[in-house]
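Peer 1: Going down the list, the sequences are from chains Z, C, W and R. When you line the first sequence up against the numbering used here, it's residues 1 to 406, in that order. When you line the second sequence up against the numbering used here, it's residues 407 to 812, in that order. When you line the third sequence up against the numbering used here, it's residues 813 to 1218, in that order. When you line the fourth sequence up against the numbering used here, it's residues 1219 to 1624, in that order.
Rather than coming from a laboratory, the hints here were simulated on the basis of the structure. The hints are all genuine.
So these bits of chain C aren't anywhere near chain R, every CB distance computed over 12 angstroms: (1) Arg487; (2) Arg628; (3) Ala789.
In the EDC-like style, the derived pairs of lysine to aspartate or glutamate whose C-alpha atoms are separated by at most 20 angstroms in a straight line are: (4) R:Lys1496 x W:Glu991; (5) Z:Lys278 x C:Glu585; (6) R:Lys1496 x R:Glu1519; (7) Z:Lys187 x Z:Glu21.
Pair by pair, the computed Cβ-Cβ distance ranges are: (8) Z:Gly65 x C:Gly657: 56 to 64 angstroms; (9) R:Thr1401 x Z:Ala159: 30 to 38 angstroms; (10) W:Arg1157 x R:Thr1401: 53 to 61 angstroms; (11) R:Asp1527 x Z:Pro99: 36 to 44 angstroms; (12) Z:Asp389 x C:Pro606: 35 to 43 angstroms.
Where is the CB? At the ideal position from N, CA and C, for every residue including glycine.
There are 4 protein chains.
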Amino acid sequence: MSAHQPSFQRPLRLGMVGGGEGAFIGAVHRIAARLDGEFELVAAALSSQAERAAASGAALGLDAGRCYADWREMARREAERADGIELVAIVTPNHLHAPVARAFLEAGIDVICDKPLAISVQEGRELAALVQARKRLLAVSYNYSAYPLLRHARELVRAGELGPLRLIQIEYAQDWLAEPLETQGHKQASWRCDPALAGPAGALGDIGTHAYQLACFVSGLRATAVAAELSSLLPGRQLDDNVQLMLRFDGGVRGALWASQVASGCENGLRLRIFGAKAGLEFNQEQPNQLRLSRLGGSSELLSRGRVDSAAARAATRLPPGHPEGYLEAFAQIYRDAAEHIRARQQGRAPSTESLALPQVSEGLAGLLFVDAALRSQLAGGAWTAVDDLSAEAAGQQSAHEETAK
Amino acid sequence: MSAHQPSFQRPLRLGMVGGGEGAFIGAVHRIAARLDGEFELVAAALSSQAERAAASGAALGLDAGRCYADWREMARREAERADGIELVAIVTPNHLHAPVARAFLEAGIDVICDKPLAISVQEGRELAALVQARKRLLAVSYNYSAYPLLRHARELVRAGELGPLRLIQIEYAQDWLAEPLETQGHKQASWRCDPALAGPAGALGDIGTHAYQLACFVSGLRATAVAAELSSLLPGRQLDDNVQLMLRFDGGVRGALWASQVASGCENGLRLRIFGAKAGLEFNQEQPNQLRLSRLGGSSELLSRGRVDSAAARAATRLPPGHPEGYLEAFAQIYRDAAEHIRARQQGRAPSTESLALPQVSEGLAGLLFVDAALRSQLAGGAWTAVDDLSAEAAGQQSAHEETAK
Amino acid sequence: MSAHQPSFQRPLRLGMVGGGEGAFIGAVHRIAARLDGEFELVAAALSSQAERAAASGAALGLDAGRCYADWREMARREAERADGIELVAIVTPNHLHAPVARAFLEAGIDVICDKPLAISVQEGRELAALVQARKRLLAVSYNYSAYPLLRHARELVRAGELGPLRLIQIEYAQDWLAEPLETQGHKQASWRCDPALAGPAGALGDIGTHAYQLACFVSGLRATAVAAELSSLLPGRQLDDNVQLMLRFDGGVRGALWASQVASGCENGLRLRIFGAKAGLEFNQEQPNQLRLSRLGGSSELLSRGRVDSAAARAATRLPPGHPEGYLEAFAQIYRDAAEHIRARQQGRAPSTESLALPQVSEGLAGLLFVDAALRSQLAGGAWTAVDDLSAEAAGQQSAHEETAK
Amino acid sequence: MSAHQPSFQRPLRLGMVGGGEGAFIGAVHRIAARLDGEFELVAAALSSQAERAAASGAALGLDAGRCYADWREMARREAERADGIELVAIVTPNHLHAPVARAFLEAGIDVICDKPLAISVQEGRELAALVQARKRLLAVSYNYSAYPLLRHARELVRAGELGPLRLIQIEYAQDWLAEPLETQGHKQASWRCDPALAGPAGALGDIGTHAYQLACFVSGLRATAVAAELSSLLPGRQLDDNVQLMLRFDGGVRGALWASQVASGCENGLRLRIFGAKAGLEFNQEQPNQLRLSRLGGSSELLSRGRVDSAAARAATRLPPGHPEGYLEAFAQIYRDAAEHIRARQQGRAPSTESLALPQVSEGLAGLLFVDAALRSQLAGGAWTAVDDLSAEAAGQQSAHEETAK
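Take these sequences, add in the hints, and give me the full structure.
Peer 2: Encoded structure:
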């Protein structure tokens, strides 16, 4: 695999907001942060109730003094400590993403935040501006784009292996909301189906943003317009649970996106297909060790993780082919990339080229613009609706990082 | 397999219009008609040029006297013969479907016609009326719906195994027009990309109608409205080669349809997924011996052709499980069903229940209504556009057949 | 597909011995013979009981005068007719294969016989000698080797794409005898589990010979020695229903063969893997439209039927890629190849190169030698046991045919 | 997933012998030990050269004082420390497994050792006796048996879902030694192909033992006799690189095992199929999130990791279905189970029932007995050769552990 072993670097200090008992994604972040030895969890605001915050923190082995009930206090006090956290992971319901991110960025602490980045475009633009002003990292845990074979797919597109792109088909099908769990005391379902906590988008925000980010990440394109059909297929559900979208991307590329949380029998069916004039690519998240490349008029190739030879894929790979890697390894890659960014700044150097694949604030904002356009299309009876541009500032921030690395 | 061998019935006499040298689908019809011994080809108008018609007919072993250059003459003369054809297969370019069908129906001869049934709704309605007036068969070769496992899928839906339906995802992805073959002397491509011969719909009519018919066949539903994005992704192409559609079906069921002939690396990727409150179904035409049934909260079942136990599937099955059947067998089923209809009428009895799965004029007309709505939506900038109802007459015709069988 | 349509050739006249009511394989032969229009069934000895023979013949549309109860009489009388059969298909239980084949060959009639060719090596050698003396065709319906992608696989091996061969893994797993059907009046099971009718080998002869032929066909090698473990996993069963074999092929190539009729949940799992120094090949009969070629250190390619470009594959292909062909089409290829052999002789020319892939008496005999060695190994407690050579005569016969074609 | 979060337990102190620069498996053990937060690496003998040991240790963040060049010294000094290691991972070449394990067990330190446990049966028996005498843990990193779906498979067998077992087919196909890497300076290949370091078995010991353990683990059976064909398919290779085995298991169950390191195009193809009178199971390590259960006469079920409901599977599962887990998670499970054993002893309680799936010395010894019988069969020309019984003592040790838990 890697030709040399990295010299040792101490684990960075990690904090967490959200992710107490019963949360799914908090535990995922903790494993991901630990898997490569890049981070050590040392502080957290796991609950806004002091007692639960303390109990949950103790269950994770945290010092009592660093178990906070108030994330504002946590930001302030950690920023004051000599051994304060160097990165905070935000794993709260969506409505808190932006306020919490703002608090830590203002305290000078780097942030990794769950998607969607915020619940409004306005929040997202403010975060983008803040990131640029404070020169801090705001990573977004678009974990699926960290699969080695998707990073390789992006390289194939960039290298012209597909020819000029024509079409992008993306789908994300789940069934966990096929029954009205939000009326049955299911914690995850309750906040994700509540507009006050999840924001105005249901499946669209929860998984549609993942799907859209993946399409953009691999293709290098952004949608210019969408026509949307958002549905609540379960009677009485307050947010959309099924989303059909037609998409127009830069340069006349066409696309469609389907996201559903009521597709009975589907588990976590995130699937991307991209077609160019010369070849097509297919990736299915449930079998992430394989990428299918089908050349026009030729045979289909099954590319194996661990065998593909781009630097981008190698940097995100731990095991040889045939030894399956999965969801946690891809999630850990987000943390590994974030660690590289933090260490590079600490060491006064540019982050590695490969780590620039880390999704940051501009990708988070692009997701919000996409959601916003879809919601507006829905209000307009499904009419084609333009997706707003990223502001010059936000775009600038991203390219600044990239130029640094050259 | 079948518990008893059928008693012998002489092959019916078949004629063909179109399908001369270089045609793909004509040869398919001939194998399909012969495979089960149901039909014997005895007359044809394989070309409008007399010399080619004679040469092509001779190459198929036809009597010189029954090789016609003019299909009108063929209809007239075959109708006059005591041993005239009992069914004509129409395998011409689309613009001739309706005129040829009309000629044979008026001559009292049953018809099996390639899809799309016609190039306008008006033509389709006239054929529906004619069928009703003349009491003749007008079958449409929607061959994919004759796969045993799709017939079984329809039974599963009817039996409520999926619960109330919610969602239909259908796609049909090919790549054979990913290069501009129509400018390179390719016969198939030339007529299929020429509005004068193919009608106003390209991929939409050629494969989109197959996809839509399949969705309707299995679900038992029809679309009430569509929002369409038809594209010609190859510059200069005169007809659409890529189609994105959002669909609303009866009863609030949502759907999407994607049909493409420029999806590089795709061969004949017709795939249907239907989701209900209790389970989802998935069928991929390229692996037609398998149907996936995934129950909410349970495991996925892979149902095997030859092992499923509905009468509908058994009637369309020749081999035990593990002995793959394919495209030709499904196509032959269309002919077997048509033979059963013809024999039943000759024998003064109702056709078998299973043979009622044969697609007929009302399904052909439904396809035209679908195409028409999609074209109108496209003209209206992708706006949601109502799909016209089948006329009472056309609907009546189909149910008349079905009632006979009860 | 094919660049030109063949000029018409009248169907050849086919006879059949065996295959009356309730038989599986007789019906398969009839469809296969008819599918490409190469043969017309005109005479048969479907049963040794006159009444059943007549009834079964009538059910197939045969003239009463050509429905025989005695296959000896059939051979004699058909040989005397000016319009007598030109090929006889033998689809009886195994013990009759050799006697019936002998009768027809001696009458000067070409033969296509189910596998195994006979129930003893001695019978097989006599048939080989008879074929050579009479210059008639004795084809063996090793239908699986007629899949286009297996014929292509053979070309890949011959062309050195795999490098020097090292290993052959072959398996054939079914479950239809996982219950003691032979004690429950099941016709197929009853004769196949009865040594008097099936010969001394059970699963070994019934499906092991198919598997072995496929390995030899694609690799171009024959086994030189075997070590066998034959088991009757159902108590009281008279013949083996599960077979484990280790194999040594020509040139030090190693292999293993597993054939089972009691592998619960397996349908018709015939799978071949061949490995050379440069690449490996995998073919699974249940998905015959796909061949996997995996190059050492490279990606796996999925080769599609209809897209591979060898003459061998093209000659056995009817449909473009994505339009699945199956078991019946491969079986029909055996008949198409046999027709080509018969017509070539009738026309005083060599058969086409592609039709030489037709399995003939030497492959049938090779199967018997394999079975014989396995039975002897079993008697010797599983010791490595040499597989006898084909006699010089038998080998000579095959190469004579092949030389003719050059 | 799990209904409650575990209360915090401090990470246990881990040591490592072997696994310095360039080693594959050492890095795997380190990630696995860390993934669930169960262990913290604090001491190591990464190389027998003092300088390299120190450099490698520093690269892993170890204190210089706990980087040893001599594992005997490490065992002695760690045993003396109050904060000494609580478990040592042995990841050396095979010939050192037993001596190192002995040293640490004698020092009272628990051990987790790579497979094969030793290079002779004698060594294995001595270790079994030592474990029993010292009441310490000797776990063997048969990591594949820790996949949740294989643990579930074992439960299905135990619950009788397959009916009485009949057949076990197991294969492990790789291609990484398809070229003579051992002559080209490849470190892994060099020791694994050298009898002095790897022991007398090549592919047989390296991967055949994994395959055999898996078969035994899921079936609950052990082989009673084997007939072996060990080959070195690359000329000049000193150890076997391809292994064919026929197996007889307890109770008349038949089986076959194929292990190869020269099967071009295979990555890490470990595949298990078990057949009983009622159903068959199939597991493919390269797609470990899916288990296929095929019932006789019924459909095949695809069971998903995360959805199956046995306690055994749940205990080894971190993520919901559709979120793929892989090789590292299964490896981590070995460490999690070992931690549970150690903590249970520290806390004076029995380990959890689920953690008893951890492979221990008796399974390691069973692997050695299997290898020994295969080597003896090979010497006897492939004759059926009895597999020795586990000694009463060794067997007793395992059941003692199990009884403790009841």
